[in-house]
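Q: So the sequence lines, in the order shown, correspond to chains D and Z.
The first sequence begins at 1 in my numbering and counts up one residue at a time.
The second sequence begins at 1 in my numbering and counts up one residue at a time.
Hints may contain errors.
Computed footprint of chain Z on chain D, listed as stretches where at least three residues anywhere in the stretch have a Cβ under 8 Å from a Cβ of chain Z [stated by the list, open to error]:
1) 241-252
2) 258-268
3) 271-281
4) 284-295
5) 298-306
6) 309-322
Taking lysine to aspartate or glutamate and the EDC-like style, the derived pairs with C-alpha atoms no more than 16 Å apart in a straight line are [as the list claims (entries may be wrong)]:
7) Z:Lys-48 x D:Asp-288
8) D:Lys-244 x D:Asp-165
9) D:Lys-81 x D:Asp-5
10) Z:Lys-48 x D:Asp-6
11) Z:Lys-38 x Z:Glu-49
12) D:Lys-81 x D:Asp-6
For the record, the hints were derived by calculation from the structure and aren't laboratory data.
Glycine is no exception: its CB is placed at the ideal position from the N, C-alpha and C atoms.
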Amino acid sequence: MVISDDLWVQAAAFAGAGFAVGFGAIGAALGEGYAAGRAGQAISHNPSMSDDIVKTMLIGQAVAESAGIFALVVAMLLVFKDVQGESLLNAFAYLGAGLSMGLAAIGSGVGSGLPAGAACEGTARQPAALSTIRTNMLVGSAVCQTPSVFGMVVAFMLIFIDWSDRPFWPTWAALLGAGISTGFSAIGPGLGNGITANEATLGVARQPETSGTLTNTMLIGLTVAQSTVIYGFLVSLILLFIPKPESMAMAAWAAPLSAGICMGLGGIGPGIGEGITAGYAVRRVARDVEQNVLLTRVMLVGQAVSESTGIYSLIVSLLLIFVI
Amino acid sequence: MEIQGADMVRAAALLGAGIAMGLGAIGPGVGEGYAAGKACEAIGRNPKEAGLLTRTMLVGQAVSESTGIYSLVVALLLIFVV
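The shape of chain D in the complex, shown without the other chains:
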């Protein structure tokens, strides 16, 4: 039996849709469930605030849901894509798109759920600061969503750009590697940002009058923790837009695929670690706002050291792409 290219591309589009919405659903569901759990706990502490707590929970869950919705959009695009006459290269582009979107949504979904839960707890403890708590929660969980937006951008590029003028060998590995790179590297920053935003939201509930300083410190920490997903995105862009000459050698396709895996996995650890650092720093700033400058400095030094393995991964990826 001979299977035509069209059928392979169709099969890959369906598989990619499955990866996208399957992986993507994990994060959003976990994050929302966690928020709901903490909302229940908060209501048990302060039943008179139950209306506001439920509202806060729903707002937070809606933000966490957006990662899942991005994944659903990419999956729908892949399911209903007309693949008539497309080259076999598109099969790998669709698989890469599904992986990029699905994996990237895991971290953002869980991460956004953490500040939502903290906001429910804070509302129960400090009902007077409700709007400050909600604002901080929204800022934090919106930043948590950026890694999944990177994943979606890479998925859209893989789906909508015409790759047919590239040689099949070794471009298929570059397309798959681009999806893997942004997808995996988005998991860490999404989760890490959630850990930081969780502490910041609790801090605002504890000391509402320091919310400006707290939100600033939180944003500095979040920005640094985002860096590894930006490396992952950078490696994806290099893999997608710097074409390689045709080559049937196995090393020619192993190198770009390996570069994607390297930067993707390498981005997970520093993202989570830097988020934990910023979380502790923000927690202390909430207790003693005078320490803000000193703590921000120590936080940045600690994050810079934690970043090092992400930078090693970037170097190895770039070596694999440009030196091999």
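Fit chain Z to the known structure of chain D by using the hints.
A: Just chain Z now, kept in the frame of chain D:
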């Protein structure tokens, strides 16, 4: 397509380099971040000892970094030597 033995070994070495550095980066990243976080907490409690605590944090992180450096060395060996 004829698969050459040396070509296959080269491809496996390159894939191994990516997997080694990628997975090897996860642990030190999380561990060093945790160390730095706890140092921030301790300095917040006792700001007078900031210098001592920062030094301790950096020593701890340097030790935690070692497995990341092993991964980097192995990845570079796989790319350039093997």
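Q: None of the hints should be skipped; say for each whether it holds.
A: Against the structure, the hints:
1. Only residues whose C-beta sits within less than 8 Å of a C-beta in chain Z count toward coverage, and the stretch 241-252 of chain D has 4 of them, enough to reach three; the restraint holds.
2. Evaluation of the coverage hint for the stretch 258-268 of chain D: fulfilled, as 11 residues show C-beta separations to chain Z shorter than 8 Å, against a requirement of three.
3. Check on the stretch 271-281 of chain D: 11 of its residues sit with their Cβ under 8 Å from a Cβ of chain Z, so the three-residue criterion for coverage holds.
4. For the stretch 284-295 of chain D, the assignment as covered by chain Z holds, since 7 residues bring a beta-carbon within under 8 Å of that chain's beta-carbons and 3 suffice.
5. Restraint check on the stretch 298-306 of chain D versus chain Z: 7 residues with Cβ-Cβ distances below 8 Å, three needed, restraint holds.
6. Counting residues of the stretch 309-322 of chain D whose C-beta lies closer than 8 Å to any C-beta of chain Z gives 9; at least three are required, and the coverage claim holds.
7. Between Lys-48 of chain Z and Asp-288 of chain D the CA atoms are separated by roughly 14 Å; this keeps the pair inside 16 Å, and the hint holds.
8. Our distance criterion of 16 Å between C-alpha atoms is met by Lys-244 of chain D and Asp-165 of chain D, whose separation comes to about 12 Å.
9. For the given pair, Lys-81 of chain D sits about 15 Å from Asp-5 of chain D by alpha-carbon distance, which is consistent with the 16 Å threshold.
10. A hinted pair counts as satisfied when its Cα atoms are at most 16 Å apart, and Lys-48 of chain Z with Asp-6 of chain D does not qualify at roughly 69 Å.
11. A C-alpha spacing of about 14 Å is found between Lys-38 of chain Z and Glu-49 of chain Z, which places the hinted pair at or below 16 Å, so the restraint holds.
12. In summary, the hint linking Lys-81 of chain D to Asp-6 of chain D is supported, as the alpha carbons are separated by about 12 Å, within the 16 Å threshold.
Hint compliance for this structure: hint 10 is the single one not met.
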